[in-house]
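Student: Whenever a hint applies, use it, and build me the whole structure from the sequences.
So the protein lines, in turn, are chains X and D.
According to the numbering used here, the residues represented by the first sequence are 606 to 963, in order.
According to the numbering used here, the residues represented by the second sequence are 1447 to 1772, in order.
Simulated from the structure, these hints should not be mistaken for lab results.
All of these numbers come straight from a predicted model, not from anything done at the bench.
The beta-carbon is built from N, C-alpha and C at its ideal position, and this holds for glycine as well.
Honestly, I wouldn't trust all of these hints.
Only pairs whose alpha carbons sit at most 20 angstroms apart, straight line, appear in this in silico EDC-like list of lysine to aspartate or glutamate [to be verified]:
| # | chain 1 | residue 1 | chain 2 | residue 2 |
| --- | --- | --- | --- | --- |
| 1 | D | Lys1637 | D | Asp1701 |
| 2 | D | Lys1637 | D | Glu1626 |
| 3 | D | Lys1567 | D | Glu1582 |
| 4 | D | Lys1752 | D | Asp1498 |
| 5 | X | Lys702 | X | Glu716 |
| 6 | X | Lys765 | X | Glu741 |
| 7 | D | Lys1637 | D | Asp1746 |
| 8 | X | Lys868 | D | Asp1746 |
| 9 | D | Lys1627 | D | Asp1586 |
| 10 | X | Lys868 | D | Glu1724 |
| 11 | D | Lys1567 | X | Glu716 |
| 12 | X | Lys702 | X | Glu929 |
| 13 | D | Lys1752 | D | Asp1495 |
| 14 | X | Lys868 | D | Asp1754 |
| 15 | D | Lys1567 | X | Glu839 |
Here are some, though not all, of the chain X residues that point toward chain D, as calculated from beta-carbon distances under 10 angstroms [claimed, not checked]:
| # | residue |
| --- | --- |
| 16 | Gly747 |
| 17 | Gly751 |
| 18 | Ala789 |
| 19 | Cys790 |
| 20 | Val793 |
| 21 | Leu865 |
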Amino acid sequence: MSTNGQAQTSPLPLFGISMGDPASIGPEVTARAVISQEVLDICRPWVVGDVNVMRRVVQGMGLEAEVVSVEDPEPAQFNAATINVLDLANVDMSRWKPGEVNAMCGQAAFEYVRRVIELAMEGTVAATVTGPIHKESINLAGHAFGGHTEIYARYTNTDKVAMLLVEENLRVVHVSTHVSLREACDLVRKDRILDSIILLDQACKRIGIERPRLGVAGLNPHASDGGLFGHEEEREILPAVEAAQARGIQVQGPIPADTLFPKAIGGMYDGCVAMYHDQGHIPFKVVGFQWNESAGRMKSVRGVNITLGLPIIRTSVDHGTAMEIAGQYVASADAMQLAIAYAARLYRPQSGATAACA
Amino acid sequence: MIADLPILAVTPGEPAGVGPEILLKAANRVPQFRLLAVADIGLLRQTADQLDLGTRIQRWQPGESVNAGSLACLHVDLAEPATSGTLSARNGAYVLETLRQATSLVQSGQAAALVTGPVHKGIINDAGHPFSGHTEFLADLSDTPRVVMMLAAPGLRVALATTHLPLRDVADAITAEGLEKTLRIVHHDLKHRFGLSNPRIQVLGLNPHAGEGGHLGMEEIEIIEPVMEACRAMGMDLVGPVPADTAFNPPRLRDCDAVLAMYHDQGLPVLKHAGFGEAINVTLGLPFIRTSVDHGTALDIAGQGKADENSLLQALSLAQEMALHH
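Tutor: This is how it looks when you write it as structure tokens:
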């Protein structure tokens, strides 16, 4: 069988998909996504994870697909009946319990991420897509990382990374992410803001927006109302916006958060710079999470997280491990499919297998 | 039972903004309401004439009755004639004076609630009067040590533990004592002014992921959780601390009567996002009822007849409803 039933002049790019925390919904959304036609039309999805967990989950979901352990992806068949897994064999099934946070699963999830980064750095895969990890279990396993972004920065030796959240009209980059609110205020500095604006501008262009219109949020309420509630707007944010404008970037700001995000959702801005985690994540999740009232659960969770500034492509679901519904096999794979689709948009065959994100 | 409706004192706010226009339009929409404007009567008449609104405006003196069917007006002199769209620092004191007089109307029981239109903070400060917002001003005026700002939309109520202060001061402003007082006020007012017998309040964390067990900040563990425990022991129904970015999911919102956000931008962008309907501002903890529009002075469209009165209409309706509960 050919990759997707059509003759291909060159094979589709090989993507590495880490399945996330074994006890989370990660394996479920990964399994559903990699056998979907939308995904098989754009890449060869190679799962980095654990074969036993994947088999159990596929069986639980009642999917008609065979889980195959694949060391060498080149001869492997990629189709709707096959889930190809690079088996790190690091989960003891007698201690595996969906929804349970523990060090074994934290260690396993950490190893999937490390391996998928290595595969991209050596050029084996063209892009990486990650399933959700649980920070507490990662920490229990002895790895003091705030999240994927920090792990990627470390193992790709990258200084300046930024996280881009994408959902329909809303694209948000954060000046800081997983730090306390106190620390976040200290990280609002001209150089970091300017870096974020530049990364956002480049990322918007890479996903096909020719002249991105960007908006930068203020840090303080009402963007400080002319200095009444803080000085970061005047001292750090405005100088960064002006420096970006001087480079020819179409950017406005600082704009009060309660004005900027509703306008961006309405299409007035192609991208936004948020000053801290919750400022960007709150509006993002309000639009991205679609609730199904009659079923009493999420029908769609579409947020995608893209790490900018890395030497490799990395996209991810933006939802968490959803431990409370792991093992119920009801999780939506929309975000995972969209994350893979965004990896494909970022991938440029002409620029080589290690096409940079920024 | 029109005569029994409570009297609502209304300040249209900044004279160069859309306040006068939306007040007249709103008065026309709800002729059954008993409205008492505190403003320059010449400004209101001139606005009604220019925009051909046909609103009946009657000068009111203390002791007179306020009747439905026309807009009563307690006159306060402008310092100079207002020009739509152009701020004048000379009228900054006028804006504050209308608020003072309206407040004394509700404090003396001549009106049952105060409803405020938009003011321009910058011009009031430029005029030499330190002013960080209505909420703070009214708290000072009524000697209220602590008030809570709440935004209410049809599907969502968000109260704020801190309001207009620099974000870097927020963490220090979240103290056990203050947070407990805030929760008591929110709980009390939901019960007594919104008529909810056992209100459930969802409390947000301060840090990303509500601190994630102390990895991303300690305020949840050291302050917010102990206060919530103490308040639960007093009989309050509280949920949290909840990570702010998942707190606004429909099932979570459906399950509570109000959300307590730790700071301004945690709660307000969600409310302003379409889908929750017209948001209005309510001050909790004052010795009187106060609601307000949640938009600004909209100087760019002032005097053109384009302003939308719906937010003020909602503020008037909620004030009336709260006064009837009271």
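Student: So, for every hint listed, does it hold in this structure?
Tutor: Evaluated hints:
no.	hint	verdict
1	Lys1637/D with Asp1701/D	holds, 16 angstroms
2	Lys1637/D with Glu1626/D	holds, 16 angstroms
3	Lys1567/D with Glu1582/D	holds, 12 angstroms
4	Lys1752/D with Asp1498/D	holds, 13 angstroms
5	Lys702/X with Glu716/X	holds, 19 angstroms
6	Lys765/X with Glu741/X	violated, 25 angstroms
7	Lys1637/D with Asp1746/D	violated, 40 angstroms
8	Lys868/X with Asp1746/D	holds, 18 angstroms
9	Lys1627/D with Asp1586/D	holds, 17 angstroms
10	Lys868/X with Glu1724/D	holds, 16 angstroms
11	Lys1567/D with Glu716/X	violated, 54 angstroms
12	Lys702/X with Glu929/X	holds, 12 angstroms
13	Lys1752/D with Asp1495/D	holds, 15 angstroms
14	Lys868/X with Asp1754/D	holds, 18 angstroms
15	Lys1567/D with Glu839/X	holds, 18 angstroms
16	Gly747	violated, 14 angstroms
17	Gly751	holds, 7 angstroms
18	Ala789	holds, 8 angstroms
19	Cys790	holds, 4 angstroms
20	Val793	holds, 9 angstroms
21	Leu865	holds, 8 angstroms
Hints 6, 7, 11, 16, counting from the list given before, are not met by this structure.
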